[in-house]
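Sequence lines, in order, name chains E and C.
Quick note on numbering: the first sequence equals residues 34 to 148 in my numbering.
Quick note on numbering: the second sequence equals residues 19 to 130 in my numbering.
In case anyone wonders, no lab produced these hints; they're calculated from the structure.
Heads up, a few of these hints could be off.
Said to hold, decoys possible - Dumping the calculated DSSO-like pairs for lysine-lysine here, alpha-carbon to alpha-carbon at most 30 Å: (1) C:Lys40 to C:Lys60; (2) C:Lys40 to C:Lys76; (3) E:Lys42 to E:Lys90; (4) C:Lys89 to C:Lys76; (5) C:Lys75 to C:Lys40; (6) C:Lys60 to E:Lys42; (7) C:Lys89 to E:Lys90; (8) C:Lys86 to C:Lys75; (9) C:Lys86 to C:Lys40; (10) C:Lys60 to E:Lys90; (11) C:Lys40 to C:Lys89; (12) C:Lys76 to C:Lys60; (13) C:Lys86 to E:Lys90; (14) E:Lys90 to C:Lys40; (15) C:Lys75 to C:Lys89.
Claimed, not checked - Which residues of chain E face chain C? A few of them, derived with a C-beta cut under 8 Å, are: (16) Ser35; (17) Phe139; (18) Gly142.
Claimed, not checked - Not close to chain E: a few residues of chain C, all C-beta gaps over 12 Å, as computed: (19) Gln24; (20) Pro26; (21) Gln56; (22) Asp67; (23) Glu74; (24) Gln78; (25) Thr83; (26) His94; (27) Glu97; (28) Ser103; (29) Asn111; (30) Pro122; (31) Gly123; (32) Ser127.
Where a beta carbon is used, it is the ideal one built from N, C-alpha and C, also for glycine.
Chain residues, written in single-letter form:
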Amino acid sequence: DSGVTQTPKHLITATGQRVTLRCSPRSGDLSVYWYQQSLDQGLQFLIQYYNGEERAKGNILERFSAQQFPDLHSELNLSSLELGDSALYFCASSRRGSGAYNEQFFGPGTRLTVL
Amino acid sequence: GENVEQHPSTLSVQEGDSAVIKCTYSDSASNYFPWYKQELGKRPQLIIDIRSNVGEKKDQRIAVTLNKTAKHFSLHITETQPEDSAVYFCAANGISYDKVIFGPGTSLSVIP
């Protein structure tokens, strides 16, 4: 167990809908990262927050948004869902915002299925 | 843009043999190179990492080498065991040092 929690574990929804994925980082970690992993695909970096502020952005679609709250938990909002959004969404956390040996600890992931 | 390439995409070895996975990165400013292992249905987990001021790092059966001039780094697993079977991702930090760009992954199968 990495100490990073994600809810829900599974999510099944329809095209056009909106969902919210939640992540709680390890105690003491200030950074939260979101990744998308499609079937047989690598880890696509979406976005990073550090201590409540957006720190880095990857290939995140405009239909997706995220935020990090004062208690450091984070939510990833996915709207106008398409079939291609079906994937495993991982959250990771790290102690610092950047730098070497800033190990990322991954949560168990949320599997999103869009029908 | 920032990019990490990884080869091979699949690798099959006999138990006890060595496995080598190679990665190249595009950003010469990258200074941190972690390797993650993802077992089937599980989360990625860090197995070893190296900083740019070090050419090689070893942890039991796992070693990583870095050639900053060529922008190459490699993972070496010796005396492979069936439990080494997993997808391995190399990564490098990006221009802003805040992003970690992952390679596409290598699916390693260790045949008993």
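Against the structure, the hints:
Between lysine 40 of chain C and lysine 60 of chain C the CA atoms are separated by roughly 23 Å; this keeps the pair inside 30 Å, and the hint holds. Between the alpha carbons of lysine 40 of chain C and lysine 76 of chain C the distance comes to roughly 16 Å, so the proposed pair stays at or under 30 Å and holds. Straight-line distance between C-alpha atoms of lysine 42 of chain E and lysine 90 of chain E comes to about 24 Å, which keeps the hinted pair within the 30 Å bound. Note on lysine 89 of chain C and lysine 76 of chain C: the hinted pairing holds, with a Cα-Cα distance of about 19 Å set against a maximum of 30 Å.
With a CA separation close to 15 Å, the supplied pair lysine 75 of chain C and lysine 40 of chain C stays within the 30 Å bound. With a CA separation close to 12 Å, the supplied pair lysine 60 of chain C and lysine 42 of chain E stays within the 30 Å bound. A C-alpha spacing of about 24 Å is found between lysine 89 of chain C and lysine 90 of chain E, which places the hinted pair at or below 30 Å, so the restraint holds. Between lysine 86 of chain C and lysine 75 of chain C, the direct Cα distance comes to roughly 14 Å. Compliance with the 30 Å bound is thereby established for this hinted pair.
This hinted pair checks out: lysine 86 of chain C and lysine 40 of chain C have alpha carbons roughly 13 Å apart, not beyond 30 Å. Simply put, lysine 60 of chain C and lysine 90 of chain E have alpha-carbon atoms about 25 Å apart, close enough for the 30 Å limit, and the pair holds. With a C-alpha separation of about 11 Å, the suggested pairing of lysine 40 of chain C with lysine 89 of chain C holds against the 30 Å cut-off. Taken as a hint, the lysine 76 of chain C and lysine 60 of chain C pair is honoured in the structure, with Cα atoms around 25 Å apart against an allowance of 30 Å.
At roughly 26 Å between alpha-carbon atoms, lysine 86 of chain C and lysine 90 of chain E fall within 30 Å of each other, so this suggested pair holds. For the suggested pair lysine 90 of chain E and lysine 40 of chain C, the alpha carbons sit about 26 Å apart, so the restraint of at most 30 Å is met. The hinted pair formed by lysine 75 of chain C and lysine 89 of chain C meets the criterion: a straight-line CA distance of about 16 Å does not exceed 30 Å. Interface restraint check: serine 35 of chain E against chain C, minimum CB-CB distance 7 Å, threshold 8 Å, status holds.
This hint holds: phenylalanine 139 of chain E has a C-beta 4 Å from the nearest C-beta of chain C, less than the 8 Å allowed. Satisfaction of the interface hint for glycine 142 of chain E is found here, the shortest Cβ-Cβ separation to chain C being roughly 6 Å, below the 8 Å cut-off. Distance check for glutamine 24 of chain C against chain E: the nearest CB is about 8 Å away, which does not clear 12 Å, and the non-interface claim fails. Against chain E, the non-interface label of proline 26 of chain C holds: every CB pair exceeds 12 Å, the least being about 14 Å.
Once the 12 Å rule is applied to beta carbons, glutamine 56 of chain C is inconsistent with being away from chain E; the minimum gap is 8 Å. The Cβ of aspartate 67 of chain C sits about 6 Å from the closest Cβ of chain E, inside the 12 Å cut-off, so the non-interface label is violated. Every beta carbon of chain E lies more than 12 Å from that of glutamate 74 of chain C, the smallest distance being close to 16 Å; the non-interface claim holds. Interface exclusion of glutamine 78 of chain C from chain E stands, the closest Cβ pair being 18 Å apart, more than 12 Å.
For threonine 83 of chain C, the requirement that its beta carbon stay farther than 12 Å from each beta carbon of chain E is met, with the minimum near 17 Å. Distance check on histidine 94 of chain C: its Cβ is at least 20 Å (rounded) from any Cβ of chain E, clearing the 12 Å threshold; non-interface status holds. Residue-level check passed: glutamate 97 of chain C sits 25 Å from the nearest beta carbon of chain E, beyond 12 Å. With a cut of 12 Å on Cβ distances, serine 103 of chain C stays outside the contact zone with chain E, its closest approach being about 16 Å.
With 12 Å as the threshold on Cβ separation, the claim that asparagine 111 of chain C sits away from chain E is violated: the shortest Cβ distance comes to roughly 7 Å. The beta carbon of proline 122 of chain C is not kept farther than 12 Å from every beta carbon of chain E, the shortest such distance being approximately 4 Å. With a least beta-carbon separation of about 5 Å from chain E, glycine 123 of chain C fails to lie farther than 12 Å from that chain, contradicting its non-interface assignment. With a least beta-carbon separation of about 15 Å from chain E, serine 127 of chain C lies farther than 12 Å from that chain, consistent with its non-interface assignment.
Consistency with the previously given hints fails for numbers 19, 21, 22, 29, 30, 31, ordered from lowest to highest.
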